[in-house]
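Given the coordinates of chain C, work out where chain G should sit on it, guided by the hints.
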Amino acid sequence: MTITEKILAAHAGRESVRPGDFACADVDIALGNDITAPIAIRELEAAGIETVWDRERVVLVPDHFTPNKDIASAEQAKVLRDFARAQNVTHYWEVGRVGIEHALLPEQGVVGPGDLIIGADSHTCTCGALGAFATGVGSTDLAAVMATGKVWLRVPESMRFTFTGERGRWISGKDLILHTIGEIGVSGALYRAMEFTGPVIESLPMDDRLSMCNMAVEAGAKNGVVTPDAVTCDYVKGRLQRDAVYYESDPDAEYVETLEWDISGLEPVVACPNLPDNTRPVSELAHVHLDQVVIGSCTNGRLSDLEVAAGILRGRVVADGLRCLIFPATPTIEREALERGWLAVFMDAGAVVSPPTCGPCLGGHMGVLAGGEVALATTNRNFTGRMGHPESQVYLSSPAVAAASAVTGRITHPDEVVG
Amino acid sequence: MKGKAHVFGDDVNTDEIIPARYLNRIDPEFLAAHCMEDADPEFVARAAPGDVLVAGENFGCGSSREHAPIAIKAAGISCVIARSFARIFFRNAINIALPIVACPEAVEDIRPGDQVEVDPAKGELKNLTTGNAFTFAPFTKEIQDIIAAGGLMAFVKSRMGG
Chain C
1 MTITEKILAA HAGRESVRPG DFACADVDIA LGNDITAPIA IRELEAAGIE
51 TVWDRERVVL VPDHFTPNKD IASAEQAKVL RDFARAQNVT HYWEVGRVGI
101 EHALLPEQGV VGPGDLIIGA DSHTCTCGAL GAFATGVGST DLAAVMATGK
151 VWLRVPESMR FTFTGERGRW ISGKDLILHT IGEIGVSGAL YRAMEFTGPV
201 IESLPMDDRL SMCNMAVEAG AKNGVVTPDA VTCDYVKGRL QRDAVYYESD
251 PDAEYVETLE WDISGLEPVV ACPNLPDNTR PVSELAHVHL DQVVIGSCTN
301 GRLSDLEVAA GILRGRVVAD GLRCLIFPAT PTIEREALER GWLAVFMDAG
351 AVVSPPTCGP CLGGHMGVLA GGEVALATTN RNFTGRMGHP ESQVYLSSPA
401 VAAASAVTGR ITHPDEVVG
Chain G
1 MKGKAHVFGD DVNTDEIIPA RYLNRIDPEF LAAHCMEDAD PEFVARAAPG
51 DVLVAGENFG CGSSREHAPI AIKAAGISCV IARSFARIFF RNAINIALPI
101 VACPEAVEDI RPGDQVEVDP AKGELKNLTT GNAFTFAPFT KEIQDIIAAG
151 GLMAFVKSRM GG
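Line order of the protein sequences matches chains C and G.
The first sequence: position 256 = 256 (the numbering used here), numbered continuously.
The second sequence: position 110 = 110 (the numbering used here), numbered continuously.
Everything labelled a hint here was simulated from the structure, so no lab data went into it.
Partial chain G-side listing against chain C, Cβ under 7 Å, derived:
#	residue
1	Asp11
2	Glu16
3	Pro19
4	Arg25
5	Glu57
6	Asn58
7	Ser64
8	Glu66
9	Met153
10	Val156
Stretch by stretch, here's where chain G covers chain C in the computed footprint (C-beta under 8 Å, at least three residues):
#	segment
11	33-42
12	62-70
13	133-142
14	358-365
15	377-387
Note that beta-carbon positions come from the ideal geometry of N, C-alpha and C, so glycine has one too.
Bound-form chain C, shown alone (with noise of 0.2 Å):
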């Protein structure tokens, strides 16, 4: 079996499963936030139930329109945070705690490997990363997770992905998923798992592996995973609220599709509108002027990323007439920033610096685009309206990319900045 099938296996109280079978599972962790759980939550109170199934293992996460938008996403918010309290919810983050589920989530130790996690949010496939099985759904979804602690799952097949080669001194995670994803199509993984291995993801470090699971959703995929490993162990010691269950795919394993990639000499990709896969080599993009960058999200606001531009904006400036909005994935990961004298460097080079929140990703608030601006962000999704007005266009790229470009105010390679 492959780990996905093992995950859902043990999960479902069974010897084993096949790609096909229906599996109803014991959930780990539901997620909601303050978009979907409202819808969950009402569902819930229309079926009567009065109570969910366990406390400790329902999280709740106001991260979408907090600190709140406007007054019907106060509402929303109010919804979530009322719910929380009645079920005296053990994982609720009030704002000034809370950060992006998906960072929020595996830096707090309230998810792990083996766990089987489902969320009310497409990018819930982050946390595969961690050697779990992770998946989005809906909110009806979720309301019945609620209640009963189960999941039906339909068991996928899985498409295993190799990178062997050197990445590059500017590859990162977020290259390696768009590349992927500019081969693939954005259906490319539809209904399956991708499981990324090979010597490239044995050193991927920790924040690179939440990136590319990120976007497993993005080729249409069920859910992303990375075998764990040392990296993992290193990652969830000292974090972990329980004991982690290490899975790993068998050698006879069956996959539905292999694809193995050499990256050395890879360019840093950027995925151009309006969808993830129309991937270019960021060479190819010199002409493209920005009017906003945006580093952070649930797929780069990590401390990593933070770091990686950091080191290209220390010294410089952001060009003229360009935004630069910097979005640090959850607290945590504000303060370090803060300790280490990055968000000093980021005002300086004349970046503005936010409270964690998914804001301008899904054009929610904070860094909405008018008709006719480009940005470049190193969000998730670059379809149409996505980041605000309908004929706005956003372009996907690594923290690297990005503030390099932020400094010359078109799609740049970080080499021709920091030389």
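For chain G alone, coordinates are given in the frame of chain C:
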């Protein structure tokens, strides 16, 4: 169910079905008023109750927002017919009992404004304008049980009570 076809392309995403600027509300009528707004601003004005929405590959890709199928259902669309569906949208539609049909051959045949008749239970679809008829595979038993119960929460409740 029978209605006029509104035709869209591949990879219609949830940001187009219901843009995030409207996710600060959950009432179905409000969401319906902005359904498909960023793909076709005139859609809501043209759509009549019972009409069908037709699309290509990977319909509903992107976010997990259940606001998307809720908006489509509340806009009066009786059925979504596509070549394929993104997985979270597929689950969400089943869970709220919005009929969806994967039938690439029918998508190939249907043009904007065609009259289409669908019987999901029988797995039959007719383009009344061209006269062509199509069949599609019925859902698996697991999914049919959810639909028969009237949606996921009703299904869950019946099992919790039992």
